[in-house]
Amino acid sequence: MTAVASSIPPEWYLLLAAAVFCIGLFGVLTRRDALYFLMSVELMMNAANINFVAFALYYGDLTGQVFALFVIALAAAEVAIGIGIILVLYRNFGVTDVTVPTEMRW
Amino acid sequence: MVNSLPQVTALLPVLLLGFTGLALLLVDTLRPDTRSNTSMAVVSALGALASLAATVWFVASGTGSGDTGGAILLFADAVKVDTLGLFFTAIFASVTSLVVVAAHDYFHDHPNPATFYSLTLFAATGMSLLAVANSLAVVFVALEMVSLPSYVLVAFLKQNRGSVEAGLKYFLVGALSSAIFLFGISLVYAATGSLMLGEVAGVLGDIASDADGIGSRSGIAGLGIVMILGGVAFKTASVPFHFWAPEAYEGAPAPVSAFLSSASKAAGFVVAFRVFTEAFPVGASLAADINWVLAFGILAAVTMTLGNFAAAVQEEVKRMLAYSSIGHAGYALIGVAALSADGSGNGAVMGAAMAHLLVYGFMNTGAFLFVAMAERWGVGRTFEDYAGLAKRAPVASTAMAVFMFSLAGLPPFAGFFSKYFLFMGAIDNGFLWLAAIGAVNSVISLYYYSRVVKALFIDDPASPTALDTIDVRPTALYAAVVFAAVATVLLLPGFGPVIETAEAAASALF
Numbered sequence: 293m294t295a296v297a298s299s300i301p302p303e304w305y306l307l308l309a310a311a312v313f314c315i316g317l318f319g320v321l322t323r324r325d326a327l328y329f330l331m332s333v334e335l336m337m338n339a340a341n342i343n344f345v346a347f348a349l350y351y352g353d354l355t356g357q358v359f360a361l362f363v364i365a366l367a368a369a370e371v372a373i374g375i376g377i378i379l380v381l382y383r384n385f386g387v388t389d390v391t392v393p394t395e396m397r398w
Numbered sequence: 071m072v073n074s075l076p077q078v079t080a081l082l083p084v085l086l087l088g089f090t091g092l093a094l095l096l097v098d099t100l101r102p103d104t105r106s107n108t109s110m111a112v113v114s115a116l117g118a119l120a121s122l123a124a125t126v127w128f129v130a131s132g133t134g135s136g137d138t139g140g141a142i143l144l145f146a147d148a149v150k151v152d153t154l155g156l157f158f159t160a161i162f163a164s165v166t167s168l169v170v171v172a173a174h175d176y177f178h179d180h181p182n183p184a185t186f187y188s189l190t191l192f193a194a195t196g197m198s199l200l201a202v203a204n205s206l207a208v209v210f211v212a213l214e215m216v217s218l219p220s221y222v223l224v225a226f227l228k229q230n231r232g233s234v235e236a237g238l239k240y241f242l243v244g245a246l247s248s249a250i251f252l253f254g255i256s257l258v259y260a261a262t263g264s265l266m267l268g269e270v271a272g273v274l275g276d277i278a279s280d281a282d283g284i285g286s287r288s289g290i291a292g293l294g295i296v297m298i299l300g301g302v303a304f305k306t307a308s309v310p311f312h313f314w315a316p317e318a319y320e321g322a323p324a325p326v327s328a329f330l331s332s333a334s335k336a337a338g339f340v341v342a343f344r345v346f347t348e349a350f351p352v353g354a355s356l357a358a359d360i361n362w363v364l365a366f367g368i369l370a371a372v373t374m375t376l377g378n379f380a381a382a383v384q385e386e387v388k389r390m391l392a393y394s395s396i397g398h399a400g401y402a403l404i405g406v407a408a409l410s411a412d413g414s415g416n417g418a419v420m421g422a423a424m425a426h427l428l429v430y431g432f433m434n435t436g437a438f439l440f441v442a443m444a445e446r447w448g449v450g451r452t453f454e455d456y457a458g459l460a461k462r463a464p465v466a467s468t469a470m471a472v473f474m475f476s477l478a479g480l481p482p483f484a485g486f487f488s489k490y491f492l493f494m495g496a497i498d499n500g501f502l503w504l505a506a507i508g509a510v511n512s513v514i515s516l517y518y519y520s521r522v523v524k525a526l527f528i529d530d531p532a533s534p535t536a537l538d539t540i541d542v543r544p545t546a547l548y549a550a551v552v553f554a555a556v557a558t559v560l561l562l563p564g565f566g567p568v569i570e571t572a573e574a575a576a577s578a579l580f
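Same order as they appear, the protein sequences are chains A and B.
Following this note's numbering, the residues of the first sequence are numbered contiguously, the last one being 398.
Following this note's numbering, the residues of the second sequence are numbered contiguously, the last one being 580.
Hints in this document: simulated from the structure, not taken from any laboratory.
Note that CB positions come from ideal geometry on N, CA and C, so glycine has one too.
Warning: the hint list may mix true and false statements.
To be verified - With a Cα cut of at most 20 Å, we get these calculated EDC-like pairs of lysine to aspartate or glutamate:
hint : chain 1 : residue 1 : chain 2 : residue 2
1    : B       : K228      : A       : D353
2    : B       : K228      : A       : E395
3    : B       : K461      : B       : D529
4    : B       : K461      : B       : D412
5    : B       : K524      : B       : D412
6    : B       : K228      : B       : E445
What the hints assert, rightly or not - Which residues of chain A face chain B? A few of them, derived with a C-beta cut under 8 Å, are:
hint : residue
7    : L306
8    : L307
9    : M336
10   : A340
11   : Y351
12   : I377
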C-alpha cells in the first residue's frame with residue numbers, strides 16, 4: 293500500500309475518470325445516432341482504463357495496467373460487433389438512428 | 071480421482087465447449103462445400119453433452135469440494151474450480167445441448183448454420199469460464215465472452231427486421247451496462263488495489279476496521295459495488311436493466327431466446343453469487359457501510375413484482391415468457407438478497423436459488439422451444455393462435471403444460487420444490503417479507519401460465535382450418551421439448567441430491 297510515484301494526488305485521477313465517464317454517459321443518453329453511441333461507450337470504458345492505470349501506479353501493482361490492455365482489446369471487439377449490428381440495422385431500416393426501429397411495442 | 075491428473079484438466083468442461091466451437095468453425099472454413107446442418111448440430115450437441123458428462127463426473131467425484139482438498143486454483147489463482155462453478159456449468163451445458171438440438175430444425179434452411187452453432191458454444195464457453203472466475207479481470211473478460219456472441223445470436227436473422235431491432239436494443243443496453251460494470255471494477259480496484267476476489271475481501275475488512283478508511287475509500291468501493299450490481303442486473307434481466315429483455319426475447323429466434331433467458335441469466339447469477347460472497351462478504355461490507363444486501367432485496371422485490379404483473383397483460387406467448395423470465399430473475403435474486411451477516415442460513419437460501427436456476431434451466435428452455443416449434447409450424451404468436459393445438463400436437467402440448475405448471479410452482483412439479491426451498495430459506499434467514507412477496511407473485515403467475523394451458527387444451531381454434539398450416543414434423547425440436555419435459559419431471563424424485571449439492575456448494579462460499 294505504499295505510493296510509488298504520486299506527485300499528483302490519486303483523487304485527481306478519480307475525478308478525471310469520473311468526468312470522462314459522465315461525458316460518455318451523457319452522450320449515450322442524448323445521442324440518437326448509433327455511431328455516436330459507440331463512441332460514447334468507448335469513452336466510458338476508457339474512463340475505467342484511466343482508473344486502472346493510475347491506481348496500478350499508485351499501488352505499484354502491474355495488474356491494473358495489464359487489465360487495461362485487456363479492456364482495450366475487448367472494447368475493440370465490442371465495436372466490431374457493434375458496427376456489424378449497425379450495418380444490418382442500416383440495411384433493414386435505412387437509418388442509423390436508434391429510435392427509428394419500433395417493430396415491437398415497448 | 072482427478073487429483074492424479076494435471077490440474078488443468080479440472081477445466082475440461084470449459085475446454086470441451088470451446089474446442090467444439092472452434093472445430094465447427096474450422097471444418098466449416100476448410101470444407102465449405104460439404105456444409106451439413108445435421109452433422110454440425112450432432113457435433114455441437116455431442117460437445118455440449120460431453121461437457122455435461124465431464125461436469126457431472128467431476129461433481130460426483132468431488133472435484134474442488136471440501137472432501138478432496140478444496141477448490142482447485144489455476145493460472146495464478148485467477149481461476150477457481152469448485153462445486154459452485156461445476157454446478158452452474160452443468161446448467162449451461164444442459165441448456166446448450168437442448169438449444170443446439172432444437173436449432174437443427176429451426177435453422178433447417180439457413181445458408182450458414184455453422185456460425186450459429188459455434189457462437190452458441192462460444193457463449194457457453196464464456197459462461198462456464200465465468201462460473202470458475204476468481205478474479206474481477208476474469209469475470210469481466212468472461213462476461214464479454216458471453217455478451218459478444220449473444221448480441222450476434224439475437225440479430226442472427228439479418229433479413230428479419232424484428233431480429234435486427236432486438237439485436238440492436240440488446241447491444242445498446244449491453245454495451246452500456248458492461249461499461250458501467252467495468253467502471254465499477256475500476257473503482258473497486260482504486261479502493262482496494264487488487265482484482266482477486268479474496269484479496270478484495272481482505273482489504274474491505276481492513277477498511278471496515280479502520281476508522282479513517284470509512285469515508286473516502288469505503289465510498290469509492292461502495293460506488294464500485296453498486297455499479298457491479300448494475301452489470302449483474304443487466305445479465306440477469308433484473309430491474310433497473312430489464313427493459314431490453316422483452317424486446318430481445320421477442321425479436322430473437324426462439325432457440326436464442328431460450329438460450330439467453332435460461333443460460334445467460336444463470337451466468338449473471340453466478341457472478342452475483344461468487345463475487346458478492348467472496349469479494350464483498352456481507353459482514354465486512356456492512357461494517358464498511360455498504361449495504362448491498364438491502365439493494366438486492368429491493369431489486370428482487372421490484373423485479374418479481376414488475377415481471378409478473380407485466381406478464382399478466384401480454385397477448386403474445388413469447389413476450390409473456392420474456393416477462394415471466396424477469397419475474398423468475400426476481401425469485402432467484404432472493405438467493406443473494408436474503409443473506410445475513412451471521413451466516414447461519416446463507417448456504418441454504420443460496421443453494422435453493424441455485425437449484426431453482428437448474429430447474430428453471432429445463433422448464434424455461436422447454437417453454438421457449440415450444441414457442442420455437444410454433445414458429446416453425448407457422449401458427450401465430452398470440453394466445454388465441456395457440457387455441458386447440460393440443461388436438462394436433464398432444465405430446466408437445468402436454469410438455470408445454472408441464473413447463474407452465476412447473477414455472478408457476480404447482481406442487482407435483484420440480485418448480486414447486488425449488489421455490490419452496492427458496493422461500494423457506496428466506497424465512498429461516500429472517501426475510502419473511504421477501505418470501506411473502508415471492509409467494510404472492512407466484513399466485514399471480516398462475517393466472518397467465520394457465521392461460522397458455524387453457525388455450526392449448528380447452529379453447530377451440532379460431533377457424534376449423536386455422537391449424538392446417540401444421541404440415542411439418544420437426545423431429546429434433548420435438549425431441550428437445552420432450553427431453554426438457556422429462557427432465558422437469560425427473561427433477562422431482564431427483565431433487566434431493568440436487569439441493570444437497572447446491573447447498574454444499576453455496577455453503578463453501580461463506
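Comparing the hints with the structure gives:
no.: 1; hint: B:K228 / A:D353; in the structure: violated (45 Å)
no.: 2; hint: B:K228 / A:E395; in the structure: holds (14 Å)
no.: 3; hint: B:K461 / B:D529; in the structure: holds (10 Å)
no.: 4; hint: B:K461 / B:D412; in the structure: violated (55 Å)
no.: 5; hint: B:K524 / B:D412; in the structure: violated (47 Å)
no.: 6; hint: B:K228 / B:E445; in the structure: holds (17 Å)
no.: 7; hint: L306; in the structure: holds (6 Å)
no.: 8; hint: L307; in the structure: violated (12 Å)
no.: 9; hint: M336; in the structure: holds (4 Å)
no.: 10; hint: A340; in the structure: holds (4 Å)
no.: 11; hint: Y351; in the structure: holds (4 Å)
no.: 12; hint: I377; in the structure: holds (5 Å)
Of the numbered hints listed earlier, those contradicted by the structure are 1, 4, 5, 8.
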